[in-house]
Every structure is written in structure tokens, then in C-alpha cells.
Amino acid sequence: MPHLVEVNEKYRDKGIEILMATDVDQAPALEKFIAEKNLHVGVVRVPDVYKLVKASGYPTSYGIDVDGKCIWRGHPQGLNDNLVEGWLKDMRAPKLPRKLSDELARAAADYESQKYGKALEGAQKLLKHKTEQVRADAQYLYDIVVGRLWMNQEAAKIHREAGFLDKLLPLLEQDAEQFEDNDWAKDCAKEAKKLKGSKEYKKCVDARDELAKVKPELEKMKPKDARKSLEKIAKDFKGTPYADEAAKLAEAVKE
Amino acid sequence: MKALVLFALLALGCSAASAMEKGDEAPNFKFEHSWNTLPGAKQLTDYRGKIVFLEIWKIH
Numbered sequence: 001m002p003h004l005v006e007v008n009e010k011y012r013d014k015g016i017e018i019l020m021a022t023d024v025d026q027a028p029a030l031e032k033f034i035a036e037k038n039l040h041v042g043v044v045r046v047p048d049v050y051k052l053v054k055a056s057g058y059p060t061s062y063g064i065d066v067d068g069k070c071i072w073r074g075h076p077q078g079l080n081d082n083l084v085e086g087w088l089k090d091m092r093a094p095k096l097p098r099k100l101s102d103e104l105a106r107a108a109a110d111y112e113s114q115k116y117g118k119a120l121e122g123a124q125k126l127l128k129h130k131t132e133q134v135r136a137d138a139q140y141l142y143d144i145v146v147g148r149l150w151m152n153q154e155a156a157k158i159h160r161e162a163g164f165l166d167k168l169l170p171l172l173e174q175d176a177e178q179f180e181d182n183d184w185a186k187d188c189a190k191e192a193k194k195l196k197g198s199k200e201y202k203k204c205v206d207a208r209d210e211l212a213k214v215k216p217e218l219e220k221m222k223p224k225d226a227r228k229s230l231e232k233i234a235k236d237f238k239g240t241p242y243a244d245e246a247a248k249l250a251e252a253v254k255e
Numbered sequence: 001m002k003a004l005v006l007f008a009l010l011a012l013g014c015s016a017a018s019a020m021e022k023g024d025e026a027p028n029f030k031f032e033h034s035w036n037t038l039p040g041a042k043q044l045t046d047y048r049g050k051i052v053f054l055e056i057w058k059i060h
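Each protein sequence line maps, in turn, to chains A and B. Heads up, the first sequence is in this note's numbering, so the first residue is 1 and it goes up one at a time. Heads up, the second sequence is in this note's numbering, so the first residue is 1 and it goes up one at a time.
One should not assume that every hint holds.
[Stated by the list, open to error] Heads up, simulated DSS-like pairs for lysine-lysine below, C-alpha to C-alpha not over 27 Å straight-line:
1. LYS51/A with LYS42/B
2. LYS157/A with LYS30/B
3. LYS69/A with LYS30/B
4. LYS202/A with LYS248/A
5. LYS54/A with LYS30/B
6. LYS58/B with LYS69/A
7. LYS51/A with LYS22/B
8. LYS190/A with LYS213/A
9. LYS235/A with LYS199/A
10. LYS196/A with LYS30/B
11. LYS215/A with LYS228/A
12. LYS194/A with LYS238/A
[Stated by the list, open to error] Which bits of chain B does chain A cover? Going by a derived footprint, with three or more residues having C-beta under 8 Å, they are:
13. 21–28
14. 32–40
15. 43–56
Simulated from the structure, these hints should not be mistaken for laboratory data. Computed from a predicted model, the values in this text were never measured in an experiment. By construction, the Cβ of each residue, glycine as well, lies at the ideal position given by its N, Cα and C atoms.
Can you make the complete structure from the sequences, with help from the hints?
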């Protein structure tokens with residue numbers, strides 16, 4: 001499972017989500033397990049999930065694309081950077097689940113080329129169209145884009161609150177581009193600009209890089225030295241989530 | 001014991017024939033409980049727009 005967590009950390013902001021589904025019926029036991037393993041990946045309890053995906057034994061894993069189609073099946077150990085990079089290369093905006101009225105062709109095309117700001121504007125203009133079908137389709141597209149906007153805002157909020165400024169910046173930059181002309185995009189652009197030039201951002205990036213440099217060396221180091229390097233990161237970059245992680249790791253070395 | 005293994009293999013073979021394959025639409029399923037999932041996600045289709053690595057697992 002450690003490699004799942006690693007891939008999750010590395011690719012979550014790029015649009016890859018890990019989802020571990022189980023039919024274990026004891027939710028409290030599952031909760032305990034997640035807490036004990038400090039499992040930071042999506043875990044869901046789904047009764048009869050084996051039957052639903054017709055899984056042939058376990059563990060089995062699947063790659064599912066943006067439209068909900070299976071693009072890979074294999075052993076969880078098969079998950080690696082190469083596989084994920086390949087998926088990312090072909091990643092596109094999800095297709096609209098149904099065909100919309102011709103009046104919305106432009107907005108739908110904007111949506112499918114990830115110009116969400118333009119798609120939103122296009123849909124908004126047709127919300128009061130004289131034809132009922134066009135109004136319904138406009139509302140449908142509008143809701144989809146607003147849903148996306150809401151999810152992105154939530155993701156940004158999570159990173160902001162946890163202090164992962166290094167992860168927040170690319171997210172803001174992407175939203176500023178994709179939601180062009182929308183107020184949210186303007187806010188994102190403003191925040192991104194401010195963040196990029198800030199001391200806090202630099203500190204967070206430096207902490208991340210420093211920890212990434214030290215982490216693979218830890219096993220080769222003497223416990224005393226490993227603890228020392230980690231404690232130094234925790235002290236030098238205090239206030240960043242990476243310093244917290246370093247402190248936790250240092251604590252674990254002591255045991 | 002041998003019979004048991006054979007039976008297990010047969011059972012595996014049968015279910016493998018109809019398992020989700022590349023190109024198939026993933027079945028939608030609702031989450032009864034969820035941890036660390038996307039904000040607001042209640043079922044698999046709420047992950048549309050993301051590439052999902054789905055692992056079916058059991059606690060050993």
C-alpha cells in the first residue's frame with residue numbers, strides 16, 4: 001500500500017485519484033485500520049463490490065478514465081509512474097454525457113476543450129432562452145461546470161488550510177487559465193501571483209525539496225544522524241506541513 | 001485438498017470471463033462509507049473528470 005500513497009501524493013493534483021473499495025462490513029474496524037496505517041488515500045465501503053465489478057479474486061485493480069471507462073486492469077503492484085504518466089498524456093476533459101441543443105454547441109465545445117470559464121458564460125446566456133429544451137440544456141451544462149468549479153475550490157481550500165502552498169499554486173494557475181473571464185479565475189490569478197512572490201511559498205517548496213532529498217537516504221544513515229537531519233528540517237522550516245512530517249519521522253526513528 | 005484447489009480455480013475462471021475489461025463502462029456504485037474521498041463524492045460517477053485507480057481489497 002505504501003506505493004499507492006506515494007502515487008496519490010504525486011499525482012492527485014494532476015487529476016489522478018486513488019480509490020480503495022472494500023466490502024468489509026465493519027465500518028469501525030475499517031476506520032481504525034485507516035487511522036493506524038495513516039492512510040491518506042480515498043477509501044470507500046461498498047457492499048458486494050466484488051460482484052459489482054465482477055472482480056476475479058483480489059487484490060484486483062482497474063484504471064478508469066475521465067468518462068468512466070475501464071482503461072486498465074491488473075495487480076495493484078502494476079501501478080507505477082510509467083503507467084500513470086501514460087494515462088495523463090491521454091487525459092482530456094470528460095465528454096458531456098448527452099447531446100445538447102445546437103444553440104449550446106459552442107459552449108459544449110468550450111467545455112470539452114477545458115475552457116470552463118467560456119463554457120459557463122455560454123451556458124449562462126442561454127438560461128433564459130425562449131425554448132424550453134434549450135433552457136434545460138443550458139441549466140444542465142451550467143450545473144456541470146459549476147460543480148467542477150466547486151470541486152476545484154474545495155481542493156484549493158484543503159491545500160490552503162493544510163499549508164501545502166506548493167500544491168496550491170499549480171491548482172490556482174490552472175483554474176485561472178481554465179476559468180478565464182470568471183470572477184473565480186481573477187481571484188485565483190491574484191492569489192497565485194501573490195503566493196508566487198511570497199516567503200511562505202518559497203519556504204514550503206524548500207522544505208518539500210529538502211525532505212525529498214533526505215528521505216531516500218534515511219535507511220542508509222545511522223539512526224542518530226537520520227534523526228538529526230529530520231530534526232533540522234523540522235526546525236528550519238517550522239510552520240510548513242513538511243516540517244511537521246519531518247518531526248513525525250524523527251519521532252519514529254527514536255522508537 | 002486437490003479438489004478444493006481445482007474448485008477454486010474453476011470458480012476463478014468462470015468469474016474472470018465476465019469481469020470488467022478494458023473498454024467496458026465501470027459499474028456505478030454508491031459509497032456506504034467513505035474516507036479521504038473527493039469533497040461531496042457519494043458514488044463512483046462523481047469521479048467523472050478524474051482518472052481513477054480503483055483497487056478492490058480486503059483487510060488481511
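Hint check results:
1. Distance hint between LYS51/A and LYS42/B is fulfilled; the C-alpha atoms sit about 19 Å from each other, no more than 27 Å.
2. Simply put, LYS157/A and LYS30/B have alpha-carbon atoms about 25 Å apart, close enough for the 27 Å limit, and the pair holds.
3. Taking the CA atoms of LYS69/A and LYS30/B, the gap is near 17 Å; set against the 27 Å cutoff, the hint holds.
4. Between the alpha carbons of LYS202/A and LYS248/A the distance comes to roughly 22 Å, so the proposed pair stays at or under 27 Å and holds.
5. Restraint check for LYS54/A and LYS30/B: the C-alpha separation of about 16 Å stays at or below 27 Å, so the hint holds.
6. A hinted pair counts as satisfied when its Cα atoms are at most 27 Å apart, and LYS58/B with LYS69/A qualifies at roughly 24 Å.
7. Taking the CA atoms of LYS51/A and LYS22/B, the gap is near 17 Å; set against the 27 Å cutoff, the hint holds.
8. Simply put, LYS190/A and LYS213/A have alpha-carbon atoms about 32 Å apart, too far for the 27 Å limit, and the pair is violated.
9. For the hint linking LYS235/A to LYS199/A, the alpha-carbon distance of about 16 Å falls within 27 Å, and the restraint holds.
10. In summary, the hint linking LYS196/A to LYS30/B is not supported, as the alpha carbons are separated by about 40 Å, beyond the 27 Å threshold.
11. Restraint check: the Cα-Cα separation between LYS215/A and LYS228/A comes to about 13 Å, which is no more than 27 Å; the hinted pair holds.
12. Simply put, LYS194/A and LYS238/A have alpha-carbon atoms about 21 Å apart, close enough for the 27 Å limit, and the pair holds.
13. Only when three residues or more bring their CB closer than 8 Å to a CB of chain A does the claim for the stretch 21–28 of chain B stand; here the count is 8, and the claim holds.
14. Here the stretch 32–40 of chain B counts 9 residues with a CB under 8 Å from a CB of chain A, which clears the bar of 3, and the coverage holds.
15. Judged by the Cβ-Cβ criterion of 8 Å, the stretch 43–56 of chain B is covered by chain A as claimed, because 12 of its residues qualify and three suffice.
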